[in-house]
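Colleague: Letter by letter, the chains look like this.
There are 2 protein chains.
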Amino acid sequence: IHEPHFPNAVSSLSVDIHSLQKQIDELSTFSDTPAPSVTRILYSDKDVLARRYIKNLMGLAGLTVREDSIGNIFGRWDGYEPELAAVSTGSHIDAIPYSGKYDGIVGVLGAIEAINVLKRSGFKPKRSLEVIMFTSEEPTRFGISCLGSRLMAGSEALEKALKKTVDNQNISFLDAARSAGYAKVEEDLSSVFLKKGSYSAFVELHIEQGPILEEEGISIGVVTAIAAPASIKVEFEGNGGHAGAVLMPNRHDAGLAAAELALAVEKHVLESQSIDTVGTVGILELHPGAINSIPSKSHLEIDTRDIDENRRNNVIEKILQSALAIAEKRGVKLSEFKMLNQDPPALSDESIINAVESASQYLNLGHKLMISRAYHDSLFMARISPMGMIFIPCYKGFSHKPEEFASKEDIANGVKVLALTVAKLSRY
Amino acid sequence: IHEPHFPNAVSSLSVDIHSLQKQIDELSTFSDTPAPSVTRILYSDKDVLARRYIKNLMGLAGLTVREDSIGNIFGRWDGYEPELAAVSTGSHIDAIPYSGKYDGIVGVLGAIEAINVLKRSGFKPKRSLEVIMFTSEEPTRFGISCLGSRLMAGSEALEKALKKTVDNQNISFLDAARSAGYAKVEEDLSSVFLKKGSYSAFVELHIEQGPILEEEGISIGVVTAIAAPASIKVEFEGNGGHAGAVLMPNRHDAGLAAAELALAVEKHVLESQSIDTVGTVGILELHPGAINSIPSKSHLEIDTRDIDENRRNNVIEKILQSALAIAEKRGVKLSEFKMLNQDPPALSDESIINAVESASQYLNLGHKLMISRAYHDSLFMARISPMGMIFIPCYKGFSHKPEEFASKEDIANGVKVLALTVAKLSRY
Ligand SMILES: [Mn+2]
Ligand SMILES: [Mn+2]
Ligand SMILES: [Mn+2]
Ligand SMILES: [Mn+2]
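Residue numbers (my numbering), protein chains in the order written: chain A, 124 to 551; chain B, 124 to 551.
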């Protein structure tokens with residue numbers, strides 16, 4: 124049995140940032156919208172091509188590739204004690220409409236490159252190392268965020284729901300999965316569940332999606348907790364009618380009810396007086412959506428987050444009260460107010476925080492402890508494994524839009540810290 | 124030369140309301156959405172089928188059918204002095220998404236039935252009678268209301284614009300027209316223009332699209348003026364970003380700017396303190412439209428109407444000022460504020476008002492003078508011909524939704540009044 128070469132071999136840690144950048148650029152071309160925007164929706168043709176691209180890179184890195192029945196992809200490097208629980212790392216490659224090419228991607232391509240770095244350095248892992256590409260971190264198609272990691276973490280509610288879940292074209296989740304080559308035999312998706320203890324650690328590398336590291340000139344963010352996201356679907360129903368003929372006092376305009384609620388969300392979030400409370404109306408749709416027709420229905424989707432679960436739930440309660448009051452005032456019906464999800468926050472594991480910090484120190488990289496305001500697959504991996512995250516700076520904190528950017532240097536630093544972190548974790 | 128049989132033959136005026144209702148029901152099946160809703164968009168497959176249905180009925184009524192190069196359809200019954208300008212009547216059969224089966228339809232199928240009524244009565248017209256089915260009264264596909272009548276009335280601005288007009292799928296107006304069998308040879312659509320004086324009168328039969336006739340138990344509305352419609356397209360551009368990571372003070376949310384403007388439209392309309400002023404935001408779209416993405420762009424279409432053009436234009440000015448103030452306050456860009464149209468109101472011709480009134484009296488039908496708050500092809504026909512309109516009651520004033528309804532009795536009354544009116548006008 125070999126002693127692991129880390130940390131003695133660390134001086135030879137070299138990230139092939141040119142190849143990695145080329146991979147990031149190539150992956151961004153699997154998109155349903157023109158560059159520089161990226162749109163990659165779960166199980167679309169472009170998603171299937173991008174998955175093939177990832178599996179190919181995993182193969183080239185010498186990893187053994189496995190996929191589960193909803194398309195979570197695993198690339199395994201067997202350690203010299205392969206019976207031990209593996210150390211895993213990974214992220215997602217799906218991209219919301221008109222977004223950018225770094226969110227998620229850096230944590231998948233960067234993880235494969237971290238494996239290459241360790242292999243080039245001569246390192247041999249004790250625990251096996253696994254790179255995971257999670258299915259559908261983004262809720263775009265089926266309204267479910269972190270679908271892959273949530274199911275992997277054993278959500279029986281999700282397993283049941285997926286049998287009846289359809290997208291907005293009324294295509295079922297199962298049909299969509301089958302069209303991409305998954306969910307082939309079974310209806311039962313519980314095969315995706317992983318037991319607690321399947322991994323000794325999970326680490327995710329990700330762009331910060333916020334401005335702090337860039338503003339403060341710090342290379343590495345060590346995530347201590349992930350803010351708790353909740354999302355709400357709201358529908359109002361009014362009377363509609365002709366935009367010319369129905370006089371103002373006779374109107375019950377579902378669109379104006381939606382507009383009022385959108386502004387109420389902002390108001391209630393600001394009332395919390397905490398910088399950590401955020402709320403967003405990213406979806407607001409009117410029916411029938413014609414210039415000369417009073418909206419008879421409106422549909423909103425609201426995202427609220429906080430690092431304090433109670434404070435967040437208080438905002439949700441106020442939003443509900445506003446929705447009821449607006450419906451009452453305008454004589455429209457609040458036909459739906461549904462929590463799409465309401466997840467608890469997650470804390471990083473102390474040993475992983477320490478491993479990331481010491482890797483940063485070893486590499487002489489400035490680092491700071493911070494909170495993740497965005498959710499990540501790590502939020503759900505925390506349910507079955509000790510969890511940690513590594514953030515790198517990104518341009519102006521931009522994310523979910525084409526201007527999203529992280530520099531080669533910052534990406535290379537992130538990959539090095541990730542490589543050292545998983546190497547260290549693999550020894551325990 | 125025969126003397127016209129009207130009014131001697133009037134006792135034999137019989138509307139075949141069962142056939143007419145059957146036609147209304149059949150026409151409603153040419154729809155892109157399920158019954159009871161009707162969706163019939165310009166030049167769609169269903170529109171082409173519906174046009175065939177209308178031409179067939181015109182043929183069965185013994186009318187000579189002609190179509191112009193954008194698909195306005197004309198069915199002519201030659202008078203015994205065919206060199207005189209004809210008396211025309213008609214309306215539209217396109218239907219906005221998820222609307223009903225009476226708006227426009229009653230004025231097309233009812234006009235053909237009015238011809239049948241006159242033919243059965245033995246009446247012979249002096250001036251020729253023409254039934255017109257106008258192309259695209261609704262602005263659904265190309266954002267242009269009363270497209271057919273507007274062009275027929277000689278709008279050179281429209282003729283030019285149509286060469287560059289595209290729908291939201293980027294299909295050009297000309298390609299769409301060609302796919303429906305129109306605009307085949309020429310790029311130049313000025314062949315559609317009709318000279319002032321081409322008709323001695325134009326009369327349109329239409330459901331009221333308002334509650335007054337039903338509430339007051341009156342059978343016939345005699346329209347004296349059509350309210351002046353204006354529509355505005357507005358776009359805001361913000362910074363977008365991730366719904367979790369961008370903190371509230373750093374946001375420039377284009378969606379909330381749109382929500383505020385929608386509420387400002389309502390406010391400014393109500394400030395006019397006139398019951399005749401209306402304003403509607405029927406279209407409000409967010410980009411990218413994802414639950415976890417702050418809207419980076421928003422698009423609104425606003426419809427404002429009034430019987431007083433200055434008062435309406437004052438509301439538009441206030442909406443502009445609000446849009447500028449909202450953009451300033453939220454740090455978003457008001458990237459578009461464009462008048463899509465801003466048409467002057469139209470007055471009915473005294474002689475046509477008189478003809479409709481005397482026909483109603485002759486038939487012992489209660490009637491009242493009223494204003495049309497909705498626009499109609501009549502608004503544009505007024506530019507080239509003396510114009511008048513006949514309204515019939517409709518259920519609760521509903522229109523532009525599936526619940527739109529007019530009773531057989533009211534429709535039959537409207538057809539009789541229309542038949543007598545055009546018969547009378549054809550003698551002068
Ligand atoms: Mn994302
Ligand atoms: Mn992500
Ligand atoms: Mn209409
Ligand atoms: Mn109409």
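One or more hints might be untrue.
Where chains are identical, the list cannot tell them apart; a pair therefore holds if satisfied intra-copy or between any two copies.
Claimed, not checked - Straight-line distance between alpha carbons at most 25 Å, and here's what the computed DMTMM-like set of lysine to aspartate or glutamate pairs gives:
| # | residue 1 | residue 2 |
| --- | --- | --- |
| 1 | 283 | 191 |
| 2 | 169 | 473 |
| 3 | 145 | 399 |
| 4 | 461 | 451 |
No lab work stands behind these hints: they were computed from the structure.
Colleague: Can you tell me if residue 169 and residue 473 fall within 25 Å by alpha carbon in one copy, between copies, both or neither?
Modeller: The answer is neither: 38 Å in one copy and 64 Å across copies each exceed 25 Å.
Colleague: Treating 25 Å as the Cα threshold, decide for residue 145 and residue 399: within, between, both or neither.
Modeller: Neither way: residue 145 and residue 399 sit 36 Å apart in one copy and 62 Å across, limit 25 Å.
Colleague: Have a look at residue 461 and residue 451 and pick one of within, between, both or neither, based on CA distance no larger than 25 Å.
Modeller: Within one copy only: 18 Å inside a chain, 34 Å across chains, cut-off 25 Å.
Colleague: At 25 Å max between alpha carbons, let me know whether residue 283 reaches residue 191 within a copy, between copies, both or neither.
Modeller: Close inside one copy (17 Å), not across copies (58 Å); limit 25 Å.
Hint compliance for this structure: hints 2, 3 are not met, and every other hint is.
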